[in-house]
Amino acid sequence: MSDIRAQLAKIAASFVAEFNKWTAEGVIAHRSPNCKHTILPASLEFPPRTPAEYQAFLAPVLPVMRNFTLHAKEGCPPVIDEVSRRLVLHLTSTAETDIGDYANEYVWTLKFNEDGTQIVDIIEFADSAYTKDFFSRLAAVASQASS
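Mapping of the sequence shown onto our numbering: residues 3 to 149, in sequence order.
If you are wondering where the hints come from, they were derived from the structure by calculation, not from laboratory data.
Possibly wrong hints are sitting among the right ones.
Unchecked claim - Once the Cα atoms are required to be at most 25 angstroms apart in a straight line, the calculated BS3-like pairs of lysine-lysine come out as:
hint, residue 1, residue 2
1, Lys38, Lys12
2, Lys75, Lys12
3, Lys134, Lys75
4, Lys38, Lys23
5, Lys23, Lys75
6, Lys113, Lys12
7, Lys12, Lys23
Stated by the list, open to error - For each label pair, taking beta carbons as the anchor points, the in silico distance ranges come out as:
hint, residue 1, residue 2, range
8, Ile6, Pro35, 18 to 28 angstroms
9, Ser138, Asp117, 16 to 26 angstroms
10, Ala8, Gly102, 17 to 27 angstroms
C-beta atoms are modelled at their ideal positions from N, C-alpha and C, and glycine is treated no differently.
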């Protein structure tokens with residue numbers, strides 16, 4: 003394995019491990035200050051977010067999704083492009099919430115800086131039907147609880 007390939011794989015694995023800590027700091031680990039995180043498809047209507055904006059976006063979600071964990075999809079190793087400094091992950095996630103178990107599926111494309119030490123761009127494709135349905139039900143329960 004080339005040095006840059008190993009570096010990209012190492013940072014991606016650490017990125018997922020830090021994300022799985024499910025803390026404000028963990029979800030933005032290994033990102034450059036100007037990293038943009040875009041959640042697609044566009045029908046989800048999420049704007050691209052900087053690390054600070056992504057933290058603010060997840061802040062209300064962190065406490066209500068307990069034991070959130072990203073997992074590499076079985077049989078789907080990362081795809082690494084050394085030349086473009088990109089790595090693609092096929093992931094699933096699980097969590098516990100007050101409305102039941104959460105389980106989603108994603109494809110994340112991570113773009114790295116030249117030396118592979120920081121993530122400069124993230125494109126996340128989520129299961130849009132599941133995401134919309136689950137979060138609308140979660141929001142309804144949250145609004146009932148606060149009224």
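The hints, checked one at a time:
For the hint pairing Lys38 with Lys12, the CA-to-CA distance comes to about 20 angstroms; that is within 25 angstroms, so the pair holds. The suggested pairing of Lys75 with Lys12 holds, with an alpha-carbon distance near 18 angstroms, which does not exceed 25 angstroms. Annotation: proposed proximity of Lys134 to Lys75 holds, straight-line Cα distance about 21 angstroms (limit 25 angstroms). At roughly 21 angstroms between alpha-carbon atoms, Lys38 and Lys23 fall within 25 angstroms of each other, so this suggested pair holds.
A threshold of 25 angstroms between alpha carbons decides the hint, and for Lys23 with Lys75 the separation of about 19 angstroms falls inside it, so the pair holds. Between Lys113 and Lys12, the direct Cα distance comes to roughly 14 angstroms. Compliance with the 25 angstroms bound is thereby established for this hinted pair. Restraint check for Lys12 and Lys23: satisfied, since their Cα atoms lie roughly 17 angstroms apart, inside the 25 angstroms limit. Ile6 and Pro35 have their C-beta atoms about 22 angstroms apart, which keeps the hinted 18 to 28 angstroms range intact.
Look at Ser138 against Asp117: about 42 angstroms separates their beta carbons, and that is not inside 16 to 26 angstroms. One distance hint, 17 to 27 angstroms for the beta-carbon pair Ala8 and Gly102, is violated here, with the actual separation near 40 angstroms.
When each numbered hint is compared with the structure, violations occur for hints 9 and 10.
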